[in-house]
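Using the sequences provided together with the hints, build the complete structure.
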Amino acid sequence: MDQNQKSEFFNINKLKKQIHQIKKIVNLIISGQKYSVLELTSTLGDFLTILGSNLDDSSLIATLLETFQQFLLLVGKKLYKEDERIISCFESRIYYINDSKEILKIMQNILFSLISIFGAKRFWSLTIHWLQRENYRILKIYLDVNIQYLKTYETRFPLSSFLPYLLRFLSSEYEKIQKKAELLFTLLYSLYGEKLIEKMGGYVGEYVSKKKVNKLLDKLSEVSFTPVKKQNNSSNQPQSKHRNKIKTQTKPKTHSNSKHRKLTTTSTPTNLKHHTVSTTKKPRYSQKRINKNVIRFGKKAPLLSTNWKEASDSITPTKVTSEHNLQTELSKILYTLENDQGEKWENRYSAMIKLQSLINGGATRYRSFPKLLKSLLSALGEQLKDLRSQIVKQCCFLIAHLARALGNSFSDHFMFLFEYLINLVYIKIQVISQSGDFCIKEAILNMTIPRVIPVIKSYLNSKHVSVRVSSIQYLFLILSNWNTNELGRHVSHIEEILLKCIHDPNLEVRKKGRSTIWEFLKHFPERGKLLISNQDQTTQKNIMDVI
1 MDQNQKSEFF NINKLKKQIH QIKKIVNLII SGQKYSVLEL TSTLGDFLTI LGSNLDDSSL
61 IATLLETFQQ FLLLVGKKLY KEDERIISCF ESRIYYINDS KEILKIMQNI LFSLISIFGA
121 KRFWSLTIHW LQRENYRILK IYLDVNIQYL KTYETRFPLS SFLPYLLRFL SSEYEKIQKK
181 AELLFTLLYS LYGEKLIEKM GGYVGEYVSK KKVNKLLDKL SEVSFTPVKK QNNSSNQPQS
241 KHRNKIKTQT KPKTHSNSKH RKLTTTSTPT NLKHHTVSTT KKPRYSQKRI NKNVIRFGKK
301 APLLSTNWKE ASDSITPTKV TSEHNLQTEL SKILYTLEND QGEKWENRYS AMIKLQSLIN
361 GGATRYRSFP KLLKSLLSAL GEQLKDLRSQ IVKQCCFLIA HLARALGNSF SDHFMFLFEY
421 LINLVYIKIQ VISQSGDFCI KEAILNMTIP RVIPVIKSYL NSKHVSVRVS SIQYLFLILS
481 NWNTNELGRH VSHIEEILLK CIHDPNLEVR KKGRSTIWEF LKHFPERGKL LISNQDQTTQ
541 KNIMDVI
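Following the UniProt record's numbering, the numbering of the sequence shown begins with 1 at its first residue and continues without gaps.
Rather than coming from a laboratory, the hints here were simulated on the basis of the structure. Any given hint could be a false lead.
When the alpha-carbon atoms are kept at most 27 Å apart in a straight line, the in silico DSS-like pairs for lysine-lysine are as follows [said to hold, decoys possible]:
| # | residue 1 | residue 2 |
| --- | --- | --- |
| 1 | Lys101 | Lys17 |
| 2 | Lys541 | Lys78 |
| 3 | Lys105 | Lys121 |
| 4 | Lys195 | Lys219 |
| 5 | Lys176 | Lys215 |
| 6 | Lys441 | Lys457 |
| 7 | Lys23 | Lys77 |
| 8 | Lys151 | Lys511 |
| 9 | Lys77 | Lys34 |
Label-pair ranges, simulated between beta-carbon atoms [stated by the list, open to error]:
| # | residue 1 | residue 2 | range |
| --- | --- | --- | --- |
| 10 | Ser36 | Phe162 | 36 to 42 Å |
| 11 | Ser533 | Ser100 | 28 to 34 Å |
| 12 | Glu198 | Thr321 | 33 to 39 Å |
| 13 | Ser58 | Gln148 | 20 to 26 Å |
| 14 | Glu173 | Tyr80 | 36 to 42 Å |
| 15 | Asn408 | His324 | 22 to 28 Å |
| 16 | Glu508 | Thr41 | 35 to 41 Å |
| 17 | Glu198 | Tyr35 | 46 to 52 Å |
| 18 | Gly488 | Asn339 | 42 to 48 Å |
| 19 | Val491 | Thr152 | 20 to 26 Å |
Note that the Cβ used here is the ideal one computed from N, Cα and C, for glycine as well.
Structure follows, in structure tokens:
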């Protein structure tokens, strides 16, 4: 063994000892040992020093990264001042070292964890410059992290700063980067709808060809569509029963049957607002199955889109001048909901729209509104039991709108409706099940109702897997968004829910339960560590392996 080999051997042994020491510290943290921020920062420094070295041993790096992920999930919140240092080290590692695919996958999972630890806004501000890199690995991992984020959270995204790069990647020289960019575009379209097309503006033509964008939009038209708004035109355009059919300039006698707007070849490269409906009619037998990653839209309102808020706010406001006037309007709505059954179901649909217009008109400013609303609860519950998906969906949107407008003042009303809503989750008609699930999630995000936790626990005994999966998702959402002091009274119920889930017969429920334990640890670290340590070794390993 020559001098260089000896030196390398001793270096690897030294690194092994360091990694073993770090693992020991992480295990002590899990068992309840407390460390100061200074000690944790020192341990973090050891992690980053090894990670930044030229160590090429895949098994050692994998062990280090897995331990590092556990460390960050346990104490990452305390190290928020080191966020820039951590991300910079990861960028260097991805950029310069030729690690295996398995190592890069672990690093991707850690980067995704950093979003929940440091916050999405901070993460993007530190990493958005990665999009300027020409390095294949950097781009692939960064796109994967953002795809994973959109699939998991379906929430706001830095669209303005991200969009120019995304459009450029649609024509990337790397085929995999192209495919990932297309998937990310699909997810963003499901989130923003037509707003995405408008924001593309002058970027099309400069960063990507119109032909490429139109081809992608054609693919999306087979799985989803955005409702087309009526357009004023001096020419007499034939009207469809459900939406406008717009003539194209190239084929004036042909009208659109497509469910998607498409960019015209005659519009200017810098303006995408003048796009028209595609004229290609696709036969029924050629339609593809709906992609689960793309949210489907109904004829009148988009389902599960964040644009539902804009759709609700766009309803023409109806102003009421007095409490007596408000009471009269609500009485009319109640009468319609209770009496217009059968073929008159459209009247009930209109009555729910009317209630939304009253909210937009300022009805919530009257103190008596929550009390007057109480008389409508039973009628709304009946709408949720209706066989027509359009009625159920509109009722769910109305309840979500009320939760957003009234906040905690609506909590008692929501608890009354909760049973109706969660019973929609296991219905096989997708529009109905998704609407009920969406409504509950919106309520959790807009209100703080600790007493819903024991009710969620009771539904973990349901024979329907979808109900059990949804129940643990609601708890995950609660732990991710509510303050610790609001959860304190029900911590024992939360622990029971977690224990039930990690031992549930269904794999999906168990996975969601393990992920939720890490959210629980952020609020109650001592109780969380005790809960983990009381499990058998296999369960502990499964919890630690959570991405």
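Results for each hint:
1. Of the pairs offered as hints, the one joining Lys101 and Lys17 holds, with about 25 Å between alpha carbons and a cut-off of 27 Å not exceeded.
2. Among the hinted pairs, Lys541 with Lys78 is consistent with the structure: their alpha-carbon atoms are about 24 Å apart, no more than 27 Å.
3. At most 27 Å may separate the alpha-carbon atoms for a hinted pair to count; Lys105 and Lys121 meet this at roughly 23 Å.
4. Straight-line distance between C-alpha atoms of Lys195 and Lys219 comes to about 18 Å, which keeps the hinted pair within the 27 Å bound.
5. Using a Cα cut-off of 27 Å, the hinted pair Lys176 and Lys215 holds, with the two alpha carbons roughly 18 Å apart.
6. The straight-line distance between the Cα atoms of Lys441 and Lys457 is roughly 16 Å, inside the 27 Å bound, and the hint therefore holds.
7. A distance of roughly 19 Å separates the Cα atoms of Lys23 and Lys77; the hinted pair therefore holds under the 27 Å criterion.
8. For a cut-off of 27 Å, the pair hint linking Lys151 to Lys511 stands: about 16 Å separates their Cα positions.
9. Distance restraint check for Lys77 and Lys34: the Cα-Cα separation of roughly 14 Å lies within the 27 Å cut-off, and the hinted pair is therefore satisfied.
10. Evaluation of the 36 to 42 Å hint for Ser36 and Phe162 yields a pass: the beta carbon distance comes to about 38 Å.
11. Distance hint check: the CB atoms of Ser533 and Ser100 are about 32 Å apart, consistent with the given range 28 to 34 Å.
12. At roughly 37 Å, the beta carbons of Glu198 and Thr321 sit within the given window of 33 to 39 Å.
13. For Ser58 and Gln148, the hinted distance range of 20 to 26 Å is satisfied, since their beta carbons lie about 23 Å from each other.
14. Hint check: Glu173 to Tyr80, Cβ distance near 38 Å, so the stated range 36 to 42 Å holds.
15. Separation of Asn408 from His324 is about 27 Å and conforms to the stated range, judged on CB atoms against 22 to 28 Å.
16. Restraint check, Glu508 to Thr41: a C-beta distance of roughly 38 Å satisfies the suggested window 35 to 41 Å.
17. Distance hint check for Glu198 and Tyr35: the Cβ-Cβ separation is about 50 Å, which falls inside the suggested range of 46 to 52 Å.
18. About 46 Å separates the C-beta atoms of Gly488 and Asn339, a value consistent with the hinted range of 42 to 48 Å.
19. For the pair Val491 and Thr152, the supplied restraint of 20 to 26 Å holds, since their beta-carbon distance comes to about 25 Å.
In the structure shown, no violation is registered for any of the earlier numbered hints.
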